[in-house]
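This note's numbering applies: residue 14 is where the sequence shown begins, and numbers increase by one.
There could be a bad hint or two in this list.
What the hints assert, rightly or not - In silico DMTMM-like links for lysine to aspartate or glutamate, alpha-carbon gap of 25 Å or less:
#1 Lys169 - Glu119
#2 Lys169 - Asp44
#3 Lys162 - Glu119
#4 Lys169 - Asp62
#5 Lys162 - Asp63
#6 Lys181 - Glu159
#7 Lys169 - Glu153
#8 Lys169 - Glu84
#9 Lys181 - Asp62
#10 Lys169 - Glu159
#11 Lys162 - Asp148
#12 Lys162 - Glu79
#13 Lys162 - Glu118
#14 Lys181 - Glu115
#15 Lys162 - Asp44
#16 Lys181 - Glu154
#17 Lys169 - Glu115
#18 Lys162 - Asp62
#19 Lys169 - Glu179
#20 Lys181 - Glu56
#21 Lys169 - Asp148
#22 Lys162 - Glu115
#23 Lys181 - Asp49
#24 Lys181 - Asp63
#25 Lys181 - Glu79
Claimed, not checked - Distance ranges between label pairs, derived from CB positions:
#26 Trp61 - Ala83: 18 to 24 Å
#27 Gly155 - Ile64: 16 to 22 Å
#28 Lys181 - Phe46: 29 to 35 Å
I should point out that these hints are in silico values taken from the structure, not numbers from a laboratory.
Predicted, not measured: the structure shown is a model, and the values here were computed from it.
Don't be surprised by glycine CBs; every beta carbon is placed ideally from N, CA and C.
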Amino acid sequence: MRQLFLSIVIMLSSLPLFPSWQVGADLRCIDSFFFDAVRVDAEVSYRWDDIRVSLPLRVSSSSSYELGFAETGLLVSVYPFQGHGFFIGASMVRMGLFWGLEAPEERFMLFSEIVAGWTFSFPWFYAEPRIAVLDAFSSEEGRLGELRKAVPQYSKIRISLLVGVEIK
14 MRQLFLSIVI MLSSLPLFPS WQVGADLRCI DSFFFDAVRV DAEVSYRWDD
64 IRVSLPLRVS SSSSYELGFA ETGLLVSVYP FQGHGFFIGA SMVRMGLFWG
114 LEAPEERFML FSEIVAGWTF SFPWFYAEPR IAVLDAFSSE EGRLGELRKA
164 VPQYSKIRIS LLVGVEIK
């Protein structure tokens with residue numbers, strides 16, 4: 014796993030053509046103050062021209078259930094209309110790990126995600142409203158259903174607002 018991550022980092026850092034790094038967090042996670050569960054979403058991205066490769070980092074935990082979930086993956090997005098900020102993307106790899114007393118028997122999970130949204134870039138920061146469809150091919154409906162009961166913020170369709178810094 015380390016070799017794969019190191020290979021991706023080396024490949025991404027050697028690419029030219031106006032690259033930029035983006036680090037952001039989902040402001041929609043503030044809704045955790047109103048539930049018995051917490052969801053924290055962050056993302057590190059490398060963008061060049063009309064292609065962006067992202068490494069999402071998400072952690073969810075329920076205080077009313079003994080269940081937690083951490084996930085990461087590799088999300089590739091393209092900007093089909095140059096200069097307009099609209100993007101579409103899909104996960105190349107999406108994996109998660111359950112823990113806790115109420116975790117499913119098989120704790121490791123592979124699933125998918127499809128996203129679309131707009132990136133509004135400003136000097137040194139960006140804002141990105143987006144919509145994401147989790148497990149678009151319904152390969153893990155059972156375990157994700159258990160997660161939705163424990164963490165209400167974990168829905169199949171999620172509207173979010175990613176805000177962060179952009180380093181060009």
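*Pair hint Lys169 and Asp148, alpha-carbon separation not exceeding 25 Å*: holds, 7 Å
*Decide if the proposed pair is consistent with the structure: Lys181 and Glu79, CA atoms, cutoff 25 Å inclusive.*
The given pair, whose Cα atoms are some 42 Å apart, is violated under the 25 Å limit.
_Given the hinted pair Lys162 and Asp148, is their Cα-Cα distance within 25 Å?_
holds, 16 Å
*Decide if the proposed pair is consistent with the structure: Lys169 and Glu119, CA atoms, cutoff 25 Å inclusive.*
Judged against 25 Å, a Cα distance of about 20 Å means the pair holds.
*Within a Cα-Cα threshold of 25 Å, do Lys169 and Glu115 meet the stated pairing?*
Given that 25 Å is the threshold and the Cα spacing comes to 21 Å, the pair holds.
*Given hint Asp49 paired with Lys181 - CA-CA distance at most 25 Å*: Roughly 39 Å between the alpha carbons, so the hint for Lys181 and Asp49 is violated.
_For Lys181 and Glu159, compute the direct alpha-carbon distance and say whether it is at most 25 Å._
violated, 41 Å
*Going straight from one Cα to the other, do Lys169 and Glu159 come out at no more than 25 Å?*
holds, 12 Å
*Please work out if Lys181 and Glu56 have their alpha carbons no farther apart than 25 Å.*
The hint holds at about 17 Å.
_What's the verdict on Lys169 and Asp62, does the C-alpha distance respect the 25 Å limit or exceed it?_
Between Lys169 and Asp62 the Cα gap is close to 30 Å, so the pair fails against 25 Å, i.e. violated.
*Given pair status - Glu154, Lys181, alpha carbons within 25 Å*: violated, 39 Å
_Pairwise beta carbon distance, Gly155 to Ile64, judged against the given window 16 to 22 Å_ = Violated: the Cβ-Cβ distance is about 34 Å, outside 16 to 22 Å.
In summary, the structure is inconsistent with hints 4, 5, 6, 14, 16, 18, 19, 23, 25, 26 and 27 from the numbered list given earlier, while agreeing with the others.
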